[in-house]
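S.K.: Chain B: place on chain A using the hints.
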Amino acid sequence: MAQRVLVCDDAIFMRTMISDILSGAGYDVVGEAETGLQAIERYRSLRPDLVTMDIVMPDMGGIDAVREIVKEDANAKILMCSAMGQQALVVEAIQAGAKDFVVKPFQPSRVLEAVQRVLG
Amino acid sequence: MDVGRYADLFVSESREQLTAFNHLLLAWERDPRLAEPVDGLFRAVHSLKGMAATMGYGGVAELAHRAENLLDVLRRSAAPVTAPQLELLFRSADALERGVEGAAAGKPDDPAATALTVELDAEVARMEPAAQGPRRASRPSMPVVLPGTGPGKGPLVRVVLNGDAALKGARALLVLRRVEALGAVQAVVPATAAFEGDEFDGRFSFRLDTTAPAAQIEAAVRAAGEVERVEVAEEAAAAETRGRHIRVDLRRLDDLMNLIGELVLARGRLAVLSRRFAEPDLDDVTRAIERLSGALQHEIIRARMVPVWQVFDRFPRMVRDLARQMGREVAFRVEGKEIELDRAILDEIAEPLMHLLRNAVDHGIEPPEERATRGKPAVGQLVLAAVRERSSVAISVRDDGRGIDRAAVLRRSRELGLGGGVEGIEQVGDELLFHLIAQAGFTTAEHVTDVSGRGVGIDAVLTAVRALGGSVELRSEVDRGTTFTLRLPATLAIVRALLARVGRETYAVPLAHVAEAVDPRHGEVQQVDGRETLVLRGRAIPLVRLRELLGVTDGEAPSGRQPIIVLEIGERRSGVVVDAVLGHQEIVVKPVQLPRGAPPVFSGATILGDGAPALILDASGLI
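Chains as they are written, first to last, in this note's numbering: chain A, 1 to 120; chain B, 1 to 623.
These aren't lab readings, by the way, just hints derived from the structure by calculation.
One should not assume that every hint holds.
As the list claims (entries may be wrong) - Output of the computed footprint for chain A on chain B, the stretches with three or more beta carbons under 8 Å from beta carbons of chain A:
{"hint": "1", "stretch": "158 to 169"}
{"hint": "2", "stretch": "191 to 198"}
{"hint": "3", "stretch": "471 to 479"}
As the list claims (entries may be wrong) - Far from chain B, by Cβ distances over 12 Å, these chain A residues were calculated:
{"hint": "4", "residue": "Ile12"}
{"hint": "5", "residue": "Val30"}
{"hint": "6", "residue": "Asp64"}
The beta-carbon is built from N, C-alpha and C at its ideal position, and this holds for glycine as well.
Chain A extracted, bound-state conformation (with noise of 0.2 Å):
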């Protein structure tokens, strides 16, 4: 069974693109979310094996969102999407329990890789 993602950002440009990377590569993406709060809220209701997380989005950013999910469920495994720059929010969000990340630009390889470690 293909393994199912869920992808947080609040641009509809970069979810599609991930989707589409996904997608192609045989991931079924279950489901998107555009702020923190979704993403919380659609990880309770999907549990998927994986979630994309972009640092900055509106109500709440993915760092918390990611805090809050791992502290539902310890294994959660999430990958967190940043921009070149953001080194100490993406410390801040391995240290709150993120798996792995990947830079903007995308590009797939990289996502793909990425992915592949953090389901390991």
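M.R.: Coordinates of chain B only, in the frame set by chain A:
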């Protein structure tokens, strides 16, 4: 347990700890917000305390204990360390150093140290309420150990991330997360706090307290992604390396060097005999002895080599104190710390280097206001650099200060009745400038200061370096700064030398600078421009009569024609008139302390095969 025999070890180890302590204090002073130095400081003083207590040196142990208390409070405090606290710690370092030396020498405890313990306690008491607050948020969650200073447990893992990996610090953190599954991560270098900065270059190391095999550790590291290289060094191997080092009294190495020098001489005589008897078996043995003694000589020379940091490490603290005292702002940098020199040479140049550094801070680098008016940054740059150059090592002291005032040097030279024949400062190139300031008794300091007014001038530097067979070069530019470069032999070499007699003494001239030895025929020695000159194959070579130069009056008065040794450095030549040439032989060059005012023509001394000492003539001083 009789601990007396550990006193030497105690002193040398304590010195190392105190050097590390001083270094960390300097780093902390540069950036008081840093969280890392305090751990290293705590460790150094803690280890000193343990050693001193074991030795029964109560005064030192007590002082170390109080300093440790203050450091403990400081490392739990949220506030950055203050200047008075650093000053207190600097003074503690000094008192500990005096205490260590004093205790080992059997002296009673220093009352000043007792006063210091009171000050340390007072500071701890003042800090204590603040220390009850929340722990410093920015402190990394993992213990931090500087390279080579921390034990830590388990294998040492070194990781290099891909050069093009994005956000290397975050990636490094992922590596640590991955390996944490195998055991506790300790001694991360650089500190994890550095992972959040952009300067982190993707190279880091840590100890992993685990029994997992190296392959498993490597796999865990690689699983984090973007890993270019992983090295896992087993703890056992590290321990073994440590165990292979022993401390040896330098005098033993000196004795060994002397013995080998004699062996080399005996080897030479054996070779002569072997040729005389033309016996194949004797030939074989002679060759074997030549090869073995050559290898032995090479090994002992290597055993005497030590990295220059063993002496250089004491300079940052000295420069800092000086700069404070003189009201200068100085950024001091040491380069080439790992370059190796013979221990004896390194010891001998410590004093000259200290002098040059002192000069640079006192006379070279201007006060900040003055630098500002000249459009220079307020902070002066001072660099001490060691560079390997084929068989020699060049050590330079470079400042970006005001440069040497040629007019003042010339004026002062004339006052002293030196510098005759120099018309104007435009004639004073770097070489002549050096010649002028290197004259005994030369100083332009208008008033004697505690810093540079010790009556030791550049002449002392030159004398010390010459005695080691080295040379000194000066480059100075107004407003741009001054550089002194000392060129030294890397090893106390065994060289071939021509032996010559003057009066009753024998002198050695390294063959490297001997072009030839001639018995002048009638008419070859002439007066040219009022100077005695050897005209050899159409070339005029100025002569130096060693007998006159050295003021030798004893021995047989030379009659008739005396032999001349022709010295050559580059294009320059000079002829040295001696009483007799005795032949050549291998000699072990040893530094020699000459009385001040002695003619600057000796580069060292040696012991001849018959046990008699001989001075080694310095070709550069005779040309």
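S.K.: Taking the numbered hints from earlier one at a time, note which ones the structure violates and give those numbers from smallest to largest.
M.R.: Result: hint 3 breaks, nothing else.
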